[in-house]
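Chains as they are written, first to last, in full-length UniProt numbering: chain A, 1 to 441; chain B, 1 to 124.
Since the hints were made in silico from the structure, they are not lab data. Relax, there's no trap hidden among the hints.
Computed cross-link-like contacts, PhoX-like style, restricted to lysine-lysine with a CA-CA straight-line distance of at most 25 angstroms:
id : chain 1 : residue 1 : chain 2 : residue 2
1  : A       : LYS2      : A       : LYS20
2  : A       : LYS335    : A       : LYS324
3  : B       : LYS15     : A       : LYS262
4  : B       : LYS2      : A       : LYS335
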Amino acid sequence: MKFYCTTGRGTECFLKKELKTKYDDVAVQETDGKVFFHGNVTGEDALQQLLSLKSAERIFVDILHVPVGQLDKRGLLTLLHTSVSDMKAWQEGLDTLEHLGLLKVSPVFGQNEGDSHSLDNECPPKKRKTGSHVSGASFRVSCKLSGKPRLKLDLKRTSSQMAVLISRLLGWRADPRNPQFEVNIHLNDSSLTVGMPLTEKPLSQRSYIKHCGLRTTVAWIMADLLAIEPEDRVLDPMCGAGTILIEAAVNWKCGTYLGIDKDMAQLCLTWENLQDTRIPVSIHLIQGDATRVPLPDGCVDKVVTDAPFGQNHLVDVSLDMFYKHVFSEVFRVLKPNGKFVLLTSRSLVNCVQSLCASAQNSHSYTSQIVQCTGPSEISTTRQEPKQEEIGCHVSRSMSHVYEVKGLIQDCDSNGGRHFILKNLFNVKLGDTEGTICVMEK
Amino acid sequence: MKLITHNMLTSNIIKGVKNGFPLKIIASKVEEKEVDFNPEFTARMIPKIDWQALRQAAADLGKPNSLPEAVADQYEENVDFLKQTHHVLMELEVIEGELVCPESGRKFPVSNGIPNMLLKEDEV
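Take these sequences, add in the hints, and give me the full structure.
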């Protein structure tokens, strides 16, 4: 069984880790913005397991993915037609959907109506097969072109050509408005990917979060980086709508969570979210200032926060000064060796580095910047890619990202009163470039 | 505000205040909400709790005898004791009232169950 997930750029490695933790023997391959995996995903709750992936935006059955070379318009069209005509690939993909119980076609349309009664005896009503695949189903093609293919092909025409092709191939009926299935086709400079989503809504849209302050996948990743243990007290000193705390509390029920925010309106959103979760969680709220945390020294085990980027949320003093005060308060309330996971703007990473010390016997490590994205994708994000269907808000939010590894040079001027910066992960958040900083007291 | 939160709150952020703990509670509205009892969780919380502060807080809420004077020996296996502690820590909630700094007398309002620990410029 083959699948792929879309992820926020820069978070592919976290999804890979999540998959490896969840499934013993799946083969995982990460590309830019997508993570492919295949293996035996069986058991009664196979579907539930897949849908509970936390760092994925959406999950698809992987019908096919093929590399794309340097092709002209004609070459691209030929590639699309021959690849999408691969009946064996469709068969395998539909088998996977069926295995997961997703190949349900409730009403039967048009010409099938007549023989539907006779079929009832042999198959359960939800599954009607002609040959070996469901016929009469309605579907829609969601086509996305980026990089050079976007300039060479006409999106609308390509979409409808693909819809006609698939319709003939599977005996399905194109219905852009109210389809039972969606077929996603994504063509960029490096690959052609065809898949069918397992759900209509993105996985990142959590049933337990109503007001979302931060991308839930990133919130989950930050909570995961905290490595929360049973007796841990976790503090978010600028909790906003509480997205990180709720994501953490729902998935790591063993901890106790404390949310502080200056703004009562934000705390009310958290409070509303808590009323709405229906999952009993232990989150306690205090109205307070992240630069003057009303807690004793060394009383919390972990601190996590989405700090101001200096864009939407204004602070009273200069940002550098604000960060300095927050860092000294977080340092004070954290117990020794406590962890601090912070999301900040890419442009404030220098500020964070200046507030951290390197490891004790500091060899000055050079930061290695690994670019994971080809130049083609950069161009697609600059010029908003045209898109037909859902998924646009997912892909818009993901673009260029690279990961910075290694420790940063010693800039300790304050005799051990500083955090040790363990890791930096660059992630793309909509139009903003963020960095997750992992620190230790 | 549950008493588990109160047990951590201090007013030591005020200029000149050293410990600022425990804050005295003057409650005008207290609610009791049932919370699932998890003996392991409660047992794990006990070492992190300031017991005398918790007893004082319960007394401030008009329940002076809801907890024994000291943490029971081998409390991990003492279900009655854990239940009592769970009730005071997790089920009593101050909805409206004030928290008073033991050193400066500064009052912090609690409204809709959320304590407001913000300070004015001249207090820091």
